[in-house]
Amino acid sequence: MTRGKVSGIIANLVIVDVKDPVVQNEICMILHPEASLMAEVIKIGENKAYVQVFESTRGLKTGTEVEFSGKMLEVSLGPGILSRNYDGLQNDLDAMKGIFLRRGEYTSPLNDQKRWEFVPLQAKGTAVIAGDWLGEVTENRIAHKIMVPFTLEGEWMIESIAVEGKYTVNDTIATLGNKTGEKRDVTMVQKWPVKRPLKAFRHKPRPFRILETGIRAIDTLNPITEGGTGFIPGPFGCGKTVLQHAISRQAEADIVIVAACGERANEVVEIFKEFPELEDARTGAKLIERTTIIANTSNMPVAAREASVYTAMTLAEYYRNMGLKVLLLADSTSRWAQALREMSNRMEELPGPDAFPMDLPAIISNFYARAGYVELHNDATGSITFIGTVSPAGGNLKEPVTEATKKAARCFYALSQERADSKRYPAIDPVDSYSKYMEYEELQESLKETISDQWTGMVEHSRDMIIKGKEVMEQINILGDDGVPIEHHVLFWKSEVIDFIILQQDGFDEVDRMTPLKRQEYMLKKVLGIVDTEFRFAKFEEVAEYFRSIINVMKQMNYSEFHSDQFRDYETQLDSLINERNIV
Amino acid sequence: MSKTAFKRIYTRISQITKATCSLKAENIGYEELAIVGGRLAQVVKIVGDEITLQIFSGTEGIPTNAEVMFLGRPPSLRIGQDMEGRFLNAYGDPIDGGPELTGAEQEIGGPSVNPVRREQPSQLITTGIAGIDLNNTLVTGQKIPFFADPDQPFNQIMALLALRADADKIILGGMGLSNDDYLFYKKSFMNAGSLDRIIAFVNTTDDPPVERLMVPDMALAAAEHYASGKNEKVLVLLTDMTLYADALSIVSNRMDQIPSKDSMPGSLYSDLAKIYEKAVQFPDGGSITIIAVTTLSGGDITHAIPDNTGYITEGQLFLRRDTEVGKVLIDPFRSLSRLKQLVIGDQTREDHPQIMNTAIRLYADALNARTKQENGFDLTEYDERALTFSTQYKEKLLAVDVNLSMNEMLDEGWKLLSDHFSRNEVGIREDLVNKYWPAEK
Numbered sequence: 045m046t047r048g049k050v051s052g053i054i055a056n057l058v059i060v061d062v063k064d065p066v067v068q069n070e071i072c073m074i075l076h077p078e079a080s081l082m083a084e085v086i087k088i089g090e091n092k093a094y095v096q097v098f099e100s101t102r103g104l105k106t107g108t109e110v111e112f113s114g115k116m117l118e119v120s121l122g123p124g125i126l127s128r129n130y131d132g133l134q135n136d137l138d139a140m141k142g143i144f145l146r147r148g149e150y151t152s153p154l155n156d157q158k159r160w161e162f163v164p165l166q167a168k169g170t171a172v173i174a175g176d177w178l179g180e181v182t183e184n185r186i187a188h189k190i191m192v193p194f195t196l197e198g199e200w201m202i203e204s205i206a207v208e209g210k211y212t213v214n215d216t217i218a219t220l221g222n223k224t225g226e227k228r229d230v231t232m233v234q235k236w237p238v239k240r241p242l243k244a245f246r247h248k249p250r251p252f253r254i255l256e257t258g259i260r261a262i263d264t265l266n267p268i269t270e271g272g273t274g275f276i277p278g279p280f281g282c283g284k285t286v287l288q289h290a291i292s293r294q295a296e297a298d299i300v301i302v303a304a305c306g307e308r309a310n311e312v313v314e315i316f317k318e319f320p321e322l323e324d325a326r327t328g329a330k331l332i333e334r335t336t337i338i339a340n341t342s343n344m345p346v347a348a349r350e351a352s353v354y355t356a357m358t359l360a361e362y363y364r365n366m367g368l369k370v371l372l373l374a375d376s377t378s379r380w381a382q383a384l385r386e387m388s389n390r391m392e393e394l395p396g397p398d399a400f401p402m403d404l405p406a407i408i409s410n411f412y413a414r415a416g417y418v419e420l421h422n423d424a425t426g427s428i429t430f431i432g433t434v435s436p437a438g439g440n441l442k443e444p445v446t447e448a449t450k451k452a453a454r455c456f457y458a459l460s461q462e463r464a465d466s467k468r469y470p471a472i473d474p475v476d477s478y479s480k481y482m483e484y485e486e487l488q489e490s491l492k493e494t495i496s497d498q499w500t501g502m503v504e505h506s507r508d509m510i511i512k513g514k515e516v517m518e519q520i521n522i523l524g525d526d527g528v529p530i531e532h533h534v535l536f537w538k539s540e541v542i543d544f545i546i547l548q549q550d551g552f553d554e555v556d557r558m559t560p561l562k563r564q565e566y567m568l569k570k571v572l573g574i575v576d577t578e579f580r581f582a583k584f585e586e587v588a589e590y591f592r593s594i595i596n597v598m599k600q601m602n603y604s605e606f607h608s609d610q611f612r613d614y615e616t617q618l619d620s621l622i623n624e625r626n627i628v
Numbered sequence: 549m550s551k552t553a554f555k556r557i558y559t560r561i562s563q564i565t566k567a568t569c570s571l572k573a574e575n576i577g578y579e580e581l582a583i584v585g586g587r588l589a590q591v592v593k594i595v596g597d598e599i600t601l602q603i604f605s606g607t608e609g610i611p612t613n614a615e616v617m618f619l620g621r622p623p624s625l626r627i628g629q630d631m632e633g634r635f636l637n638a639y640g641d642p643i644d645g646g647p648e649l650t651g652a653e654q655e656i657g658g659p660s661v662n663p664v665r666r667e668q669p670s671q672l673i674t675t676g677i678a679g680i681d682l683n684n685t686l687v688t689g690q691k692i693p694f695f696a697d698p699d700q701p702f703n704q705i706m707a708l709l710a711l712r713a714d715a716d717k718i719i720l721g722g723m724g725l726s727n728d729d730y731l732f733y734k735k736s737f738m739n740a741g742s743l744d745r746i747i748a749f750v751n752t753t754d755d756p757p758v759e760r761l762m763v764p765d766m767a768l769a770a771a772e773h774y775a776s777g778k779n780e781k782v783l784v785l786l787t788d789m790t791l792y793a794d795a796l797s798i799v800s801n802r803m804d805q806i807p808s809k810d811s812m813p814g815s816l817y818s819d820l821a822k823i824y825e826k827a828v829q830f831p832d833g834g835s836i837t838i839i840a841v842t843t844l845s846g847g848d849i850t851h852a853i854p855d856n857t858g859y860i861t862e863g864q865l866f867l868r869r870d871t872e873v874g875k876v877l878i879d880p881f882r883s884l885s886r887l888k889q890l891v892i893g894d895q896t897r898e899d900h901p902q903i904m905n906t907a908i909r910l911y912a913d914a915l916n917a918r919t920k921q922e923n924g925f926d927l928t929e930y931d932e933r934a935l936t937f938s939t940q941y942k943e944k945l946l947a948v949d950v951n952l953s954m955n956e957m958l959d960e961g962w963k964l965l966s967d968h969f970s971r972n973e974v975g976i977r978e979d980l981v982n983k984y985w986p987a988e989k
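Going line by line, the protein sequences match chains A and B.
Counting in this note's numbering, the first sequence runs from 45 upward without gaps.
Counting in this note's numbering, the second sequence runs from 549 upward without gaps.
FYI, nobody ran anything at the bench for these hints, they're computed from the structure.
Ideal Cβ positions, reconstructed from N, Cα and C, are used throughout, including at glycine.
Misleading hints may appear alongside valid ones.
[Claimed, not checked] BS3-like, lysine-lysine: derived pairs with alpha carbons at most 30 Å apart:
| no. | chain 1 | residue 1 | chain 2 | residue 2 |
| --- | --- | --- | --- | --- |
| 1 | A | K467 | B | K734 |
| 2 | A | K467 | B | K555 |
| 3 | A | K248 | A | K451 |
| 4 | B | K778 | A | K141 |
| 5 | B | K822 | A | K87 |
| 6 | A | K480 | A | K450 |
| 7 | B | K555 | A | K141 |
| 8 | B | K942 | A | K49 |
| 9 | B | K778 | A | K317 |
| 10 | A | K158 | A | K239 |
| 11 | B | K572 | A | K87 |
| 12 | A | K115 | A | K92 |
| 13 | A | K49 | B | K572 |
| 14 | A | K451 | B | K809 |
| 15 | A | K49 | B | K944 |
| 16 | A | K92 | B | K572 |
| 17 | B | K809 | A | K450 |
| 18 | A | K514 | B | K920 |
| 19 | A | K599 | B | K963 |
| 20 | A | K467 | B | K963 |
| 21 | A | K442 | A | K467 |
[What the hints assert, rightly or not] Covered by chain B, per the in silico footprint, the following chain A stretches (three or more residues, Cβ under 8 Å):
| no. | region |
| --- | --- |
| 22 | 97-106 |
| 23 | 134-142 |
| 24 | 151-165 |
| 25 | 310-318 |
| 26 | 336-344 |
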């Protein structure tokens with residue numbers, strides 16, 4: 045083992061004198077007498093390693109011994125990850141003692157006492173490669189696959205495999221051998237360095253299927269796909285976190301991994317307290333059962349913040365390789381970028397725009413590239429859908445993190461201050477936002493199949509109406525209510541119907557908060573029916589009043605259970621309202 | 549003094565800059581304190597045996613042969629009952645002429661609370677100010693700043709709020725306070741006769757700016773002592789965080805760090821978050837609530853200081869001087885309390901959320917009417933009513949000089965609505981209107 049001695053300290057950058065070989069990005073422990081501190085090598089000079097410490101360096105002295113592990117920052121992968129609350133380095137937060145975090149306290153990410161009911165999926169004598177499924181255990185209703193270690197290269201033979209029964213994560217469940225006579229005992233837990241993408245799949249086709257979130261402004265207008273990437277930039281107070289929480293609760297995913305990266309602790313507490321109570325509408329299971337939270341809140345060490353998004357991504361890749369639909373959420377990727385900036389600054393690198401490191405765009409796009417839809421070697425498919433939030437400085441979208449993310453992510457959900465101010469939630473701007481997946485023929489095909497032939501046409505039509513409505517509103521503002529023809533008012537209010545009934549959604553209402561695709565189709569048809577109807581008005585004052593009542597009735601529909609008696613009553617009311625003024 | 553007798557004294561300073569000095573020394577811990585020529589300093593950089601010290605009060609007049617003594621400990625506060633009712637400086641030393649503190653030395657800037665051990669903030673704080681209690685209700689364990697221009701009376705409002713809030717302890721962290729404001733706080737606390745539940749850490753404009761970097765940590769270490777150790781409800785007032793951030797930028801500049809937006813250090817977000825995230829609701833009932841002041845320049849919230857603050861805190865309270873009624877208001881549009889949902893209509897009367905939203909919506913109608921008027925368009929009869937409503941709404945509820953109980957505010961809200969609008973114009977749930985709409989006169 046390589047050893048060294050501390051020779052310099054500048055905040056959490058520590059310089060270590062070392063003579064023996066050192067590996068870039070390997071982990072070392074600084075043997076501070078109070079508590080050993082974990083650090084990562086980030087730069088190597090002549091007989092010097094520059095390490096970033098994941099903890100406070102207060103009281104550290106030169107001459108302190110350092111032990112290099114030879115390993116990069118790794119996570120432990122095995123059954124028992126779900127429902128856990130980890131910090132950025134995968135320490136189990138619930139296992140820590142006391143109210144305050146103590147530095148140098150590292151806790152085991154998996155329970156090594158618990159016995160899992162193992163079922164073999166392969167027989168002795170089968171040839172396998174890295175990532176193949178050897179067997180499975182049931183983890184919170186999910187078939188958790190025990191896979192051939194991802195680090196193994198080439199083909200291996202199963203020499204023995206455990207029979208069905210109860211085993212702990214550290215028990216050997218199979219022995220593998222290869223042609224050169226090497227042998228490997230396989231347990232249910234394996235390690236993987238977080239910064240290296242976990243591949244072990246056959247290929248990564250283009251995403252083609254919509255991932256339902258139940259949020260109309262996303263699913264209807266700018267859908268994200270299973271295996272897609274998206275980001276949500278917005279000034280503070282526009283509802284980024286609320287929107288992400290809604291997605292994490294409602295999205296049609298098998299597994300949800302939430303990386304709370306450098307944000308408010310009270311927001312994570314909300315997840316801690318709510319998810320064990322709330323139910324997944326699709327399975328009836330508690331939300332916490334499918335969720336893992338990586339909490340590295342803003343007051344926790346900055347260097348671990350950088351690691352936290354990678355830790356979360358690696359856990360997502362692990363479950364994806366079991367053929368599961370994983371949703372990964374990171375709030376906020378700007379805090380991660382800021383952590384990179386702080387370090388780059390301490391290393392006295394020449395800065396890029398806004399003092400961020402020059403390679404920030406490359407780092408961000410490499411990270412987003414780890415998401416995707418994959419076909420595994422056994423023909424099963426899995427996916428990681430990744431949505432990150434961005435907190436642009438001053439709400440200005442022309443800053444480096446937003447710009448770099450825009451190049452990497454395919455869906456853009458711009459939150460607008462104006463919409464938030466007028467309480468039009470979710471504040472996703474319908475004009476600025478986009479989903480590049482809408483251009484994918486694969487997605488269009490699958491939308492035709494799952495929804496209807498006309499769907500994409502309907503979506504385009506409503507988008508046009510929103511834009512026209514906005515233009516007309518500007519004219520009305522300049523020329524005054526009576527300075528424009530009545531048709532302008534009608535056009536504007538038709539676009540308001542789309543806004544109020546499709547785009548706006550009450551996240552606090554039991555029914556309205558989540559709209560299944562079928563219902564979205566039904567309501568969009570209703571709304572476009574009104575948009576395409578001609579109405580009679582004598583003066584402009586009648587227009588607003590009339591459409592306000594249309595909106596009111598349709599809102600009541602949104603608040604009612606789909607196709608319930610109440611829903612039908614409101615629908616009848618709506619039809620008679622339309623008949624009052626339509627020109628047949 | 550006996551315990552420092554064995555400390556080695558160094559007398560060879562090799563380099564002096566505006567804020568730092570460097571010398572060769574051994575066995576020195578990072579962030580430990582030192583005394584350089586009688587002035588307090590802290591280790592900020594160690595490279596080999598060369599130690600760089602930041603001298604809080606500046607290096608003016610420091611000779612290269614000044615005596616340097618390392619104290620072997622990080623900044624700490626003598627915590628004990630004798631802090632109560634005291635006015636201390638940024639180092640925790642008395643400035644009120646009283647005796648030295650005698651409590652046990654405790655490190656400041658300590659570790660943060662494990663997020664899984666936090667409780668969700670859940671207890672209402674009332675202040676009597678309707679712009680806060682009605683529209684932006686505060687909760688224990690919350691962190692929220694006033695965004696105010698320097699000419700606004702934020703110190704008066706803070707003092708008022710502190711004294712009215714039902715807190716077991718009030719801890720003032722004053723950074724760059726003018727001497728007049730310091731005396732104002734002292735007088736208000738003394739007049740209220742509640743001096744024993746107050747502890748103040750004050751850095752005035754007479755003191756060196758870098759010293760004020762210690763103030764929040766001092767105040768919060770004291771707060772944790774009462775909130776975590778004694779399960780008390782502690783209210784921490786930090787004024788003015790903009791001056792704190794300015795001090796950060798001075799230090800980072802002198803340490804040759806590359807500035808990011810608005811000449812602020814790249815770590816501004818983390819630096820501020822470390823302070824604000826000390827606000828917490830502990831499981832055993834204690835809590836730390838932080839109310840801060842961030843002064844703006846010309847109302848610009850896109851500047852790095854308010855911008856980063858907004859991303860950290862749970863809302864903000866916007867002060868605005870209204871020329872129509874001639875009073876300072878809590879602006880209902882730009883202000884926000886993110887945690888109000890946890891208590892309103894639940895710990896307050898059932899009609900609270902509806903009254904709050906309706907009044908703000910009608911106030912927005914009034915603003916639209918005003919724009920219409922200014923652009924030379926005709927006003928409808930509804931517009932006229934909305935305008936008179938808004939004037940009264942500002943005077944009776946939004947102005948910071950009101951002092952009402954929660955129910956009085958709600959009743960006042962109903963009265964204003966019924967004075968200017970009809971029942972079906974307010975769009976409030978039928979059952980609430982039937983119950984609370986004031987009887988016709």
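Hint-by-hint comparison with the structure:
1. A:K467 - B:K734: Measuring from Cα to Cα gives roughly 42 Å; hence the hint is violated.
2. A:K467 - B:K555: violated, 63 Å
3. A:K248 - A:K451: holds, 20 Å
4. B:K778 - A:K141: holds, 19 Å
5. B:K822 - A:K87: holds, 27 Å
6. A:K480 - A:K450: Judged against 30 Å, a Cα distance of about 11 Å means the pair holds.
7. B:K555 - A:K141: Violated - the C-alpha atoms of K141 of chain A and K555 of chain B are around 36 Å apart, more than 30 Å.
8. B:K942 - A:K49: Violated, at roughly 65 Å.
9. B:K778 - A:K317: holds, 25 Å
10. A:K158 - A:K239: Status holds; Cα separation ~29 Å.
11. B:K572 - A:K87: holds, 26 Å
12. A:K115 - A:K92: holds, 18 Å
13. A:K49 - B:K572: holds, 18 Å
14. A:K451 - B:K809: Within the cut-off at roughly 22 Å; holds.
15. A:K49 - B:K944: Given pair K49 of chain A, K944 of chain B is violated - Cα atoms ~68 Å apart, limit 30 Å.
16. A:K92 - B:K572: Holds, at roughly 20 Å.
17. B:K809 - A:K450: Judged against 30 Å, a Cα distance of about 21 Å means the pair holds.
18. A:K514 - B:K920: holds, 19 Å
19. A:K599 - B:K963: holds, 29 Å
20. A:K467 - B:K963: holds, 25 Å
21. A:K442 - A:K467: holds, 25 Å
22. 97-106: Three-residue rule met by the region 97-106 of chain A, so holds; n is 7.
23. 134-142: holds (count 4)
24. 151-165: It is violated: at least three residues are needed, and the region 151-165 of chain A offers just 0 whose Cβ sits closer than 8 Å to chain B.
25. 310-318: holds (count 6)
26. 336-344: It holds, with 5 qualifying residues against the three required.
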